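Using the sequences provided together with the hints, build the complete structure.
Top to bottom, those sequences are chains A and B.
For the first sequence, position 80 matches number 80 in the numbering used here, and the numbering has no gaps at all.
For the second sequence, position 338 matches number 338 in the numbering used here, and the numbering has no gaps at all.
If you're looking for bench data, these hints aren't it; they were derived computationally from the structure.
Check before you lean on any hint, since a few could be wrong.
Below, computed lysine-lysine pairings styled on DSBU-like, alpha-carbon distance capped at 35 Å [said to hold, decoys possible]:
| no. | chain 1 | residue 1 | chain 2 | residue 2 |
| --- | --- | --- | --- | --- |
| 1 | A | Lys-76 | B | Lys-350 |
| 2 | B | Lys-350 | A | Lys-39 |
| 3 | B | Lys-351 | A | Lys-76 |
| 4 | A | Lys-52 | B | Lys-350 |
| 5 | B | Lys-322 | A | Lys-39 |
| 6 | B | Lys-303 | A | Lys-39 |
| 7 | B | Lys-340 | A | Lys-52 |
| 8 | B | Lys-351 | A | Lys-59 |
| 9 | B | Lys-351 | A | Lys-98 |
| 10 | A | Lys-80 | B | Lys-461 |
| 11 | B | Lys-303 | A | Lys-52 |
| 12 | A | Lys-39 | B | Lys-92 |
| 13 | B | Lys-461 | A | Lys-76 |
Everything numeric in this text was worked out from a predicted model, so none of it was measured.
What follows is each chain in one-letter form.
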Amino acid sequence: MRSLLIATALLTVATPALAADGSALYQQNCSACHQPNGKGIPGAFPALSGDKFVVGDPKAVAATVLNGRGGMPPWKDTLKDDQLAAILTFVRSSWGNKAPAIPAATFTAVRNGAGPKAAKPMPGH
Amino acid sequence: MTLTRRTFLEGLGRIGGTSLLLAGMEAFGMGIASAQTAPPPLQGGGKGKKVVILGAGVAGLTSAYELGKAGYDVTILEARSFAGGRSQTARKGFQLTELGGETQTCTFDEGNYINHGPWRIPFHHRSTLHYVKEFGVEVELFNNDNDNGYMFATQGKGPLANKPVRKMEIAADMRGNAAEILAKVVQSGSLDQQFGAGDKELFLEYLKSEGWLDGKDYKYHGTDGRGWITKPGAGLVAGTPSKPYDFTDVLHSGGWRVLSSVSDWDQQRTMFQPKGGMYMIPRGFVEKGGVGEKIRYSTVVEKIRQNAKGVEISVVDDKGQKSVVKADYCICTIPLSVLKTIDNGLSPAKKAAMDGAAYAPVGKIGLQMKRRFWEEDHWIYGGHVFTDDMDIGSISLPSTNWLGQKGVLLGYYQFFANAAKVSAMTHVERTNFALDFGQKVFPAYRDSFESSFSVAWHRVKYNLGGWAMWSDEARARDYPILLQPEGRIYLAGEHLSHIGGWQAGGIESAWMQIAELHKHASAS
Chain A
1 MRSLLIATAL LTVATPALAA DGSALYQQNC SACHQPNGKG IPGAFPALSG
51 DKFVVGDPKA VAATVLNGRG GMPPWKDTLK DDQLAAILTF VRSSWGNKAP
101 AIPAATFTAV RNGAGPKAAK PMPGH
Chain B
1 MTLTRRTFLE GLGRIGGTSL LLAGMEAFGM GIASAQTAPP PLQGGGKGKK
51 VVILGAGVAG LTSAYELGKA GYDVTILEAR SFAGGRSQTA RKGFQLTELG
101 GETQTCTFDE GNYINHGPWR IPFHHRSTLH YVKEFGVEVE LFNNDNDNGY
151 MFATQGKGPL ANKPVRKMEI AADMRGNAAE ILAKVVQSGS LDQQFGAGDK
201 ELFLEYLKSE GWLDGKDYKY HGTDGRGWIT KPGAGLVAGT PSKPYDFTDV
251 LHSGGWRVLS SVSDWDQQRT MFQPKGGMYM IPRGFVEKGG VGEKIRYSTV
301 VEKIRQNAKG VEISVVDDKG QKSVVKADYC ICTIPLSVLK TIDNGLSPAK
351 KAAMDGAAYA PVGKIGLQMK RRFWEEDHWI YGGHVFTDDM DIGSISLPST
401 NWLGQKGVLL GYYQFFANAA KVSAMTHVER TNFALDFGQK VFPAYRDSFE
451 SSFSVAWHRV KYNLGGWAMW SDEARARDYP ILLQPEGRIY LAGEHLSHIG
501 GWQAGGIESA WMQIAELHKH ASAS
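Next comes the structure, spelled out in structure tokens:
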């Protein structure tokens, strides 16, 4: 239903997270595929634990999460920058990962810049 | 000036009007219906040449059926223990284990089911309907639009938000008010230069009929099409007409946002569904089409190789037995999301192109209700409850077993990030999540609930997503590369069509590639 998808653009996240809980948001939004332990499922969903890309260039990480890639949907319409920052900061400092936090400002900057375009959503079937 | 396709078509439109324009579009394979209505003739036949087909979804089944008829020696390798790919129907005993999730066994009563994959066939999907007819699959109408259905707007404001409002009311009030406002502007003369001689009067007449406007001031006072307070009956019961809502309330509710969805090309009436579930389509190929005996079930492709003489597919079966299947040609219908995780031996260009497709996370849940309260209490027969709560998407009422006792409704249908989110829940949590929303729409929802079956297609092994999506860039850059055969290997499936995510896309992609394969095989 195409128009339902158009309505995503109108979505505002109901509960403004004053101090967004990265761990809880990860479990809620990401764990279905990347798994609660960050190890993913081989052949299906990439591991985040010990992944070089995840602990690498913050801008590249932010662009990928905002715009989606492969089987991962774009998150820019459903999560706010402070929530995305909390999630990625959690991911980059969990399961043995030791990378610096990504501030919300990085997501905002990538969002406003000309990042790679997301796949065009299609209507339901 | 070179004659581009567009200028040529525009020229046709100018000279011959719409019918010639449409004929021209059909000639370019870009007609307004799904482009092909019948399988390609494979003249001369296959003369026993061997074709191995990877995947027994509708693309693989179509390839096997048509090539088999033409005399090719075909074998389908199917990872699952059943045919159909995503064209599945969950009924009693059907099992599904999502990656990282628990095993669900469907416990619906006999005769009840949910199409957790494709569920409706638009009238213009001639290719799908071709096989419906060919195999005598019994179909019934799928009600995709219900005037008496509800809208439930959660993002809007005011007295009409966060409550179920009948679609007929929202539709009538939006049309009526919009027509009234436009009629007033037209009457004021401020649009006079837009109109040719006599246009203005005709346009006003149209607005009057479109918006049920009364009198010289073109006022919208409501219409019986928005329903009644008390309904007309026998004797002296003339009925009490309903009154329009305050236009501001309708606007601010946001309910109108979903009105146009069912007018989209692939959502229009008429729609069909097979009686007994979408699985009847693959079953037609397997049983009536005789494709079943050509399928090796529970056979997982591990490696794809080819040389100048043929293709070699390394497989492993459910007992761990490994073997190699050799053939002259291969049609690979494995979704790109999965194919790229296999040792596929394809060129770097093909591999890079596969990354251009995104696969949609998609979630559905079927809820068996012990009583058809939507019919009995609300007079809603099929169609959808639309909502802008994107974690739900829509509730859909079944278009089968009308006026029966029980029924299975679709409790949510969500996509992308919303689907990823909901899929992190356990099946019981998903069920409760769906019930909580439905309870806001139908008071009898939770009390009537009996059992449920959910799917998150991105977590389904051998699919890893509901359907392929192409950005404009990837469609231009990567998609054409995948359409080209690589040596003796041809890719097919909904992902290689402009009818993505529909069975028609898989079928017509198969038609295209078997024609190519046949051309090559006939020349060699």
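Status of each hint after checking the structure:
1. A:Lys-76 / B:Lys-350: Holds - the C-alpha atoms of Lys-350 (chain B) and Lys-76 (chain A) are around 29 Å apart, at most 35 Å.
2. B:Lys-350 / A:Lys-39: 28 Å, holds
3. B:Lys-351 / A:Lys-76: 27 Å, holds
4. A:Lys-52 / B:Lys-350: Holds, because 25 Å separates the two Cα atoms, which is no more than 35 Å.
5. B:Lys-322 / A:Lys-39: Holds: Lys-322 (chain B) and Lys-39 (chain A) sit about 28 Å apart, inside 35 Å.
6. B:Lys-303 / A:Lys-39: 25 Å, holds
7. B:Lys-340 / A:Lys-52: Holds - the C-alpha atoms of Lys-52 (chain A) and Lys-340 (chain B) are around 20 Å apart, at most 35 Å.
8. B:Lys-351 / A:Lys-59: Distance of about 25 Å is within 35 Å: holds.
9. B:Lys-351 / A:Lys-98: 32 Å, holds
10. A:Lys-80 / B:Lys-461: Roughly 31 Å separates the two Cα atoms, so the pair holds.
11. B:Lys-303 / A:Lys-52: With a Cα-Cα distance of about 27 Å, the restraint between Lys-303 (chain B) and Lys-52 (chain A) holds, given a limit of 35 Å.
12. A:Lys-39 / B:Lys-92: 34 Å, holds
13. B:Lys-461 / A:Lys-76: 27 Å, holds
Hint check: no violations occur; every hint is consistent with the structure.
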